[in-house]
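S.K.: Sequence:
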Amino acid sequence: MDQYLQMYRAALDSAVKYHLFRPKTPGDQDILFPGSLEARGNGQPALRTEVQHLACFVGGMVGLGARLNDSLEELAIAIKLTEGCVWAYQNTASGIMPKVFYIDDCPSDGSCEWTDEGHVEPGHEYGFTQILDTSYQLRPEAIESVFIMYRLTGNLIWQEKGWNMFQAIMKHTMTPIGNARIRDVTDAEPKQDDSMESFWLAETLKYFYLLFSEPDLVSLDNFVL
Numbered sequence: 001m002d003q004y005l006q007m008y009r010a011a012l013d014s015a016v017k018y019h020l021f022r023p024k025t026p027g028d029q030d031i032l033f034p035g036s037l038e039a040r041g042n043g044q045p046a047l048r049t050e051v052q053h054l055a056c057f058v059g060g061m062v063g064l065g066a067r068l069n070d071s072l073e074e075l076a077i078a079i080k081l082t083e084g085c086v087w088a089y090q091n092t093a094s095g096i097m098p099k100v101f102y103i104d105d106c107p108s109d110g111s112c113e114w115t116d117e118g119h120v121e122p123g124h125e126y127g128f129t130q131i132l133d134t135s136y137q138l139r140p141e142a143i144e145s146v147f148i149m150y151r152l153t154g155n156l157i158w159q160e161k162g163w164n165m166f167q168a169i170m171k172h173t174m175t176p177i178g179n180a181r182i183r184d185v186t187d188a189e190p191k192q193d194d195s196m197e198s199f200w201l202a203e204t205l206k207y208f209y210l211l212f213s214e215p216d217l218v219s220l221d222n223f224v225l
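Residues 1 to 225 in UniProt numbering are what the sequence shown spells out, letter by letter.
Worth flagging that the hints you see were computed from the coordinates, not collected in a lab. Glycine included, each C-beta is placed from N, C-alpha and C at the ideal position. If a hint is listed, it holds; no wrong ones were tucked in.
Listed next, the in silico DSSO-like pairs over lysine-lysine satisfying Cα-Cα at most 27 angstroms (straight line): (1) Lys24 x Lys80; (2) Lys171 x Lys206; (3) Lys17 x Lys80; (4) Lys191 x Lys206; (5) Lys191 x Lys99; (6) Lys80 x Lys99; (7) Lys99 x Lys24; (8) Lys206 x Lys99; (9) Lys17 x Lys99; (10) Lys99 x Lys171; (11) Lys80 x Lys206.
Quick list of simulated restraints, FRET-style, between CB atoms: (12) Ser213 x Glu113: 33 to 43 angstroms; (13) Asp194 x Cys112: 40 to 50 angstroms; (14) Ser71 x Pro176: 43 to 53 angstroms; (15) Gln90 x Leu68: 28 to 38 angstroms; (16) Ala93 x Glu38: 28 to 38 angstroms; (17) Gly27 x Asp221: 28 to 38 angstroms; (18) Pro176 x Ser213: 21 to 31 angstroms; (19) Arg183 x Asp216: 36 to 46 angstroms; (20) Asp193 x Ser108: 34 to 44 angstroms; (21) Asp28 x Asn155: 19 to 29 angstroms; (22) Phe166 x Ser111: 30 to 40 angstroms.
All chains, please: the whole structure from these sequences, using the hints.
M.R.: Shown next as structure tokens:
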């Protein structure tokens, strides 16, 4: 067990150093996002501030690691990562996070003040610099981390955040026979596609259900979800 914890801590230390970044946002939000890395010829990785909805599971993952390590410092990182994805939901016309976007990162030294100068992409007024994929495919990762934060902290604010996400998703994806992928979350009335991924039922709705269930239903100390 100690060996695996050591491996996890080493991996997390590397992720914190190279992958995670604080974005420039209107209002200077104290949040984090997981970015991507590019290998350079000098052997030093370079951060690419591309954020994917798929990566929103990282907040929950770090939170579970914090529980095992009994680490308040790691839990604080997990909360900021999850808050980052919640922020991305809150800051589109539909109330739903884009699949892939870019956002400026705060420099290691100097000002973190956000400006929209030179930004013309949809969503720039909220802080996004470019949205590469505006779709929403009913993905589960963000609500998974919100659910885990609620279980770890007991703070009811996570239920409130999750409820706002649920309302936005249901408003724009519901159909008479199920829920549909939407094309453009930057549109206040996005068009639907004739597609419903299996993870909508298997994962996304599962986490919404558990978020609003009694905490002793499916204990995270006994089950891996």
